[in-house]
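Work out the full structure, taking the sequences as your base and the hints as a guide.
Protein chains in written order, with numbering that gives the first Met the number 0: chain B, 0 to 158; chain A, 0 to 158; chain D, 0 to 158.
FYI, nobody ran anything at the bench for these hints, they're computed from the structure. Ideal Cβ placement from N, Cα and C applies to all residues, glycine included.
Listed next, the in silico BS3-like pairs over lysine-lysine satisfying Cα-Cα at most 25 Å (straight line): (1) B/K142 to D/K122; (2) B/K122 to B/K132; (3) A/K40 to B/K40; (4) B/K40 to B/K132; (5) A/K3 to A/K40; (6) D/K139 to A/K122; (7) A/K122 to D/K142; (8) A/K40 to A/K132; (9) D/K3 to A/K3; (10) B/K139 to D/K122; (11) D/K122 to D/K132; (12) A/K40 to D/K3; (13) D/K3 to D/K40; (14) A/K3 to B/K40; (15) B/K40 to B/K3; (16) D/K40 to A/K3; (17) D/K40 to B/K40; (18) D/K3 to B/K40; (19) D/K40 to D/K132; (20) D/K3 to B/K3; (21) A/K122 to A/K132; (22) A/K142 to B/K122; (23) B/K122 to A/K139; (24) D/K40 to B/K3; (25) A/K3 to B/K3; (26) A/K40 to B/K3; (27) A/K40 to D/K40.
Here's a subset of chain B near chain A, in silico, CB distances under 7 Å, partners left out: (28) M0; (29) I1; (30) F2; (31) T4; (32) M41; (33) S42; (34) I44; (35) P46; (36) P47; (37) P64; (38) P94; (39) M116; (40) G120.
These are the residues of each chain, in order.
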Amino acid sequence: MIFKTPTHYFLVSGASEGLTPLNAFDGALLRAGIGDTNLVKMSSIVPPRCQLISPVPLPPGSLVPTAYASITSDIPGELISSAVAVALPREPHHPGLIMEYSARGSKAEIEETVRQMAMEGMKLRQREIKELKSIAVEHKVQKVGATLAAVVLWDAVPG
Amino acid sequence: MIFKTPTHYFLVSGASEGLTPLNAFDGALLRAGIGDTNLVKMSSIVPPRCQLISPVPLPPGSLVPTAYASITSDIPGELISSAVAVALPREPHHPGLIMEYSARGSKAEIEETVRQMAMEGMKLRQREIKELKSIAVEHKVQKVGATLAAVVLWDAVPG
Amino acid sequence: MIFKTPTHYFLVSGASEGLTPLNAFDGALLRAGIGDTNLVKMSSIVPPRCQLISPVPLPPGSLVPTAYASITSDIPGELISSAVAVALPREPHHPGLIMEYSARGSKAEIEETVRQMAMEGMKLRQREIKELKSIAVEHKVQKVGATLAAVVLWDAVPG
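Listed below in structure tokens is the structure:
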């Protein structure tokens, strides 16, 4: 393998205003607790037997494989949301599926959509779902806002 | 080096309908045989002496460096296509070049375009082409459709 | 850790015309000296004590974690620019921050914006800036043009 396969994962989310869309995204990452790492975006599987852990501080500047949804907006008053869902299979030797979704709308709507997306993906794989986790965040834009929801993959529980 | 350099590669493609654009993309990945891995998108070189192999099953949830083209559409009746081309140099110590292209249009058109793009990139590098491989797929959208063509890099022939 | 943490970095930029937007981007990468590598895009931190070096040739086909800004345009006469800024903290055990920005406009404008973005991001982290580096490039489009500015992370000084 080119890269090690992750063994642990956790879910985070955050929202922020910022000077520019990228600054708002940066602020959302900081609120989510992953603002001082190098996210490497990937699509979107939980390896078999990968363990859910509570969010942990990651080494600053480390490269972190992450599945995430993010949206920015510069329309004052607009409500934006991001969500991720993780569908875990009944069979422990099967992988789980991550889905990401961002859009205008409330946290509740966007989270419901992403959960349906994950259920649909497991149906397509003909895998029964043991557990469906999700996290979502919404933000009402003042000037320039961003939301982010992420599944962070990692290979150890630090400490 | 931060990452290992790949030693093998293969070409795949797929198309699918889905509940949402991301579900359609997920379905296209499954059809292509890489739906249970974590694609890490990269731009777009075949390392020197990297060997073409037939598509192989990859470990579920593994992180896989991949150059790919993908497109989604929700316009019923629209024809969408994705293609990738790999131009290999005459000199074996030189790297090869990957190009990706997706658009509305037929498989034949999109594949022809991506092949021209790869030839152009080798011309810019003043490298003679020994071989030009490509793969393409087209899909007529019913409700929400996606196409995907990919060059998957790997570092071993499993098994 | 899934990936090694980079220990060195360098800044590059380039611009080019091309047959297609992707060919123009490829040309810009070649001008920047990183056209024969596999860029893995990441967001956007300089690890603590990571050392700035002069651009070095990277092994062809190697996977290279890179933070970059890029833009393409097919509007003849349009002026496009890309810039990256690196803000380094006074405290050496803190990470630095990379910001990327591309837009229509002159190199001077875009570089000024990206520097402000990096300062803003450090202010949000309440970290004093020891040094602020940036690089930018502009290009007047003839038919299809691209600009690119990048911070390349690496783990050794080759040679």
